[in-house]
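**Student:** Each chain is listed here by its residues.
There are 2 protein chains.
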Amino acid sequence: MLYLNFENLAKIGKTHGITRAEILAQGKLIEKYLREIESKNQGFYTIIDDKSQLQNINKYAKKVEGKYKDIVVLGIGGSALGTLCLKHALRYLPNKSKAPKLHIVTNIDPVKIKKIESDIDFKKTLFIVISKSGSTIETISQYLYFRQKCKDKKLKITDHFVFVTDEKEGILRMIADKEKITSFDVPKNIEGRFSVLTVVGLLPARLIGIKIEELIEGAKRIRDEFLKKNIEENTPFQLAAIQYLLAKKGKNINVLMPYSQELDFLSIWYTQLLAESIGKKGNGITPLRALGVSDQHSQIQLFNDGPNDKLIMFIEVEKLSENLYIPNSHPELKEFELMNKKISFNRLLELEKQGTEMALTHNNRPNITIKIPKVSEENLGELFMLFETSVAFLGEFYKIYAFDQPAVELGKKFTKELLLKEYL
Amino acid sequence: MLYLNFENLAKIGKTHGITRAEILAQGKLIEKYLREIESKNQGFYTIIDDKSQLQNINKYAKKVEGKYKDIVVLGIGGSALGTLCLKHALRYLPNKSKAPKLHIVTNIDPVKIKKIESDIDFKKTLFIVISKSGSTIETISQYLYFRQKCKDKKLKITDHFVFVTDEKEGILRMIADKEKITSFDVPKNIEGRFSVLTVVGLLPARLIGIKIEELIEGAKRIRDEFLKKNIEENTPFQLAAIQYLLAKKGKNINVLMPYSQELDFLSIWYTQLLAESIGKKGNGITPLRALGVSDQHSQIQLFNDGPNDKLIMFIEVEKLSENLYIPNSHPELKEFELMNKKISFNRLLELEKQGTEMALTHNNRPNITIKIPKVSEENLGELFMLFETSVAFLGEFYKIYAFDQPAVELGKKFTKELLLKEYL
Chain A
1 MLYLNFENLA KIGKTHGITR AEILAQGKLI EKYLREIESK NQGFYTIIDD KSQLQNINKY
61 AKKVEGKYKD IVVLGIGGSA LGTLCLKHAL RYLPNKSKAP KLHIVTNIDP VKIKKIESDI
121 DFKKTLFIVI SKSGSTIETI SQYLYFRQKC KDKKLKITDH FVFVTDEKEG ILRMIADKEK
181 ITSFDVPKNI EGRFSVLTVV GLLPARLIGI KIEELIEGAK RIRDEFLKKN IEENTPFQLA
241 AIQYLLAKKG KNINVLMPYS QELDFLSIWY TQLLAESIGK KGNGITPLRA LGVSDQHSQI
301 QLFNDGPNDK LIMFIEVEKL SENLYIPNSH PELKEFELMN KKISFNRLLE LEKQGTEMAL
361 THNNRPNITI KIPKVSEENL GELFMLFETS VAFLGEFYKI YAFDQPAVEL GKKFTKELLL
421 KEYL
Chain B
1 MLYLNFENLA KIGKTHGITR AEILAQGKLI EKYLREIESK NQGFYTIIDD KSQLQNINKY
61 AKKVEGKYKD IVVLGIGGSA LGTLCLKHAL RYLPNKSKAP KLHIVTNIDP VKIKKIESDI
121 DFKKTLFIVI SKSGSTIETI SQYLYFRQKC KDKKLKITDH FVFVTDEKEG ILRMIADKEK
181 ITSFDVPKNI EGRFSVLTVV GLLPARLIGI KIEELIEGAK RIRDEFLKKN IEENTPFQLA
241 AIQYLLAKKG KNINVLMPYS QELDFLSIWY TQLLAESIGK KGNGITPLRA LGVSDQHSQI
301 QLFNDGPNDK LIMFIEVEKL SENLYIPNSH PELKEFELMN KKISFNRLLE LEKQGTEMAL
361 THNNRPNITI KIPKVSEENL GELFMLFETS VAFLGEFYKI YAFDQPAVEL GKKFTKELLL
421 KEYL
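Those protein sequences? They're chains A and B, same order as listed. Read in order, the letters of the first sequence correspond to residues 1 to 424 in my numbering. Read in order, the letters of the second sequence correspond to residues 1 to 424 in my numbering.
Next comes chain A alone, as it looks inside the complex:
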């Protein structure tokens, strides 16, 4: 199970750090915040109890087993980023070689669309069209494009398309009902960026062989913590309190820095979650992506010696999915003597993380570590739920509604006006 270590915060003094006592003192707010969150009637932490969701996905997956070589997700933002994270985190796990290949069209860039078009075997491809509203212009455009390609190839639409959309409303729902296209419902009370543990993320995951029951198991453990009144037992609240207290001290950039290549895309998913939920009314925390050890040779200079405006959130993996030793292929050179000791890449990576952490702490740069045993379905489920629930608490700390994204609308409105002006 994941573990949050924040002891470095107490080592760097009052100005830039926070003591354990300060964090624990926030615990008195948990009950109130939980009541407020509950009153907002969001489904992201209860949907994981819904067994029918898994049953529906499994039933469909069994029905189409062996039928597809390529799965293409058509979506953008919250309809795609969780799946992108799952794909990259779990693609190196064993027994995945026979699974279909997953492609995710997260953009409308014609270069990307053409690339995916040329990579897939249409006759053996399933397109999963994901849009909660059913009207996202980017997703609809992608859908129109690939639907036309299938028609040109005389493929039966119902054999190659599945919709994930609202139960009742929207154009995708209408088409699905009319043409009897298989469809799944996105629950009304779950926003895109909180939907990775719904059919939005679970359906494509299941189709490429990810164990979705274990994702849910992990998520449940953290959800149960999230509901605890005692801060010592509530990791999501601890994390939110740390982020909030440090933002108040001017550290309103949060760097997510996993020391694991497989978790690199977790930061992309987290970016949307934090940015859209909390970035409101002049407030907010800016998420920043980094990757260990690579970014030691890129961003670490700035983190150590630039403006002291960041909280570094490391993710450490106890046991990486591979274990490799650094051989001494130059036994004749005294410069490489140390390499006779059979040091693993894994150990070197751990020690580099420790060295980096020590340097940041020495420079009074706040840093915490989320430790997970390994990169697995269970632990990813935990991480997803940890961040979702801590962001819900952050909304309460900031006294903002975390579950909308009103400032996205203005750009959409301007674009629509430009489109109509040009084409009508």
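There's no promise every hint is true.
For identical chains, the list gives no copy identity; a pair is met inside one copy or between any two copies.
[What the hints assert, rightly or not] With a straight-line cut-off of 30 Å between C-alpha atoms, the simulated DSSO-like cross-links for lysine-lysine are:
{"no.": "1", "residue 1": "K14", "residue 2": "K413"}
{"no.": "2", "residue 1": "K149", "residue 2": "K342"}
{"no.": "3", "residue 1": "K281", "residue 2": "K14"}
{"no.": "4", "residue 1": "K98", "residue 2": "K124"}
{"no.": "5", "residue 1": "K220", "residue 2": "K32"}
{"no.": "6", "residue 1": "K341", "residue 2": "K151"}
No wet-lab data here; the hints were simulated from the structure.
We have chain A already, so just place chain B on it with the hints.
**Tutor:** For chain B alone, kept in the frame of chain A given last:
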């Protein structure tokens, strides 16, 4: 040729914007700053005049033509990020299909190393080991690992390895000389993050078929601007002045947001360039990656309505490498009527960028656009040189030395101590 459009800055008022006059007033500093930069004796803007560099690379490339199917770059930070950018930006260009495949090991994560190991055909692989000092522990570990693999497979080391390192110093230089391994020199006065237009970036680029002469041509055009005393003719200085003036107004996060999937990795390269060069002594600008249109559905809420602490730097491509239309595959539905107008993904992407820009400007969020005609070698050369020279100017604005990275050392020192404690 690229073009910098900053007219939105004047539209958003004094508090968050800057007028054209304010920017031009900085022009009086150019001569002084150019003298100061010159006194630092950095080679990144003169190396592009060195014809022997291209000759050496071309000579080697012709010699090994057809010999390799896989090229593996072993490096980290500045030894890898420029190449990563080039690979992703130009991989979709025509006539690249027969070129060798380029793999870049930017990390010591065993999962990544194992993945590349299983992807390559060792007998047809060239490893390019890149470390200026010759002692970067991550690169050396990667080298020891793949050298051992080659030895195990009874491959001749000189057939499969090339070193890019210091002319005289370091362990890689010593090994190259002793074993007669082909090697190329990294010029002493060019830092890793400024080295993409030296053999560091050009050698792997040339081997996968990128036209390196054109990269250099583009770079030269901007270098010539960089040396001009008149701010109206000096785009790099304009950019640096804008970044500096806005940072002084509290916008010290710079978002690089290309509206082109192919340029997504330019932001990774730029991150190191800006972070390591300017993030010093409590000063600095934090680079942030974003991608159009994808990030409209992720970070735009924060940019529009979060803290007003960012400058958004769009990159717009006039003519993307593909041109695709959105067909109306539902002619029977009135909801899709607009799609009968033959709108292209390209045009939709442009209009979405315009809408996003208008919304940001409406919300008083400073934004500028760098426009390039297309994603090509020439334009990438321009972009590389634009950012390198503007960062050099930024160093002068901040009165810091932009060409070292002293705060990276402490973490390395702690790691080394941990290693020695554990293994000696």
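**Student:** Now, for every hint given, state plainly whether the structure supports it.
**Tutor:** So, going through the hints one by one against the coordinates:
| no. | hint | result |
| --- | --- | --- |
| 1 | K14 x K413 | between (46 Å within a copy, 26 Å between copies) |
| 2 | K149 x K342 | between (54 Å within a copy, 16 Å between copies) |
| 3 | K281 x K14 | both (28 Å within a copy, 20 Å between copies) |
| 4 | K98 x K124 | both (14 Å within a copy, 27 Å between copies) |
| 5 | K220 x K32 | within (22 Å within a copy, 62 Å between copies) |
| 6 | K341 x K151 | between (62 Å within a copy, 20 Å between copies) |
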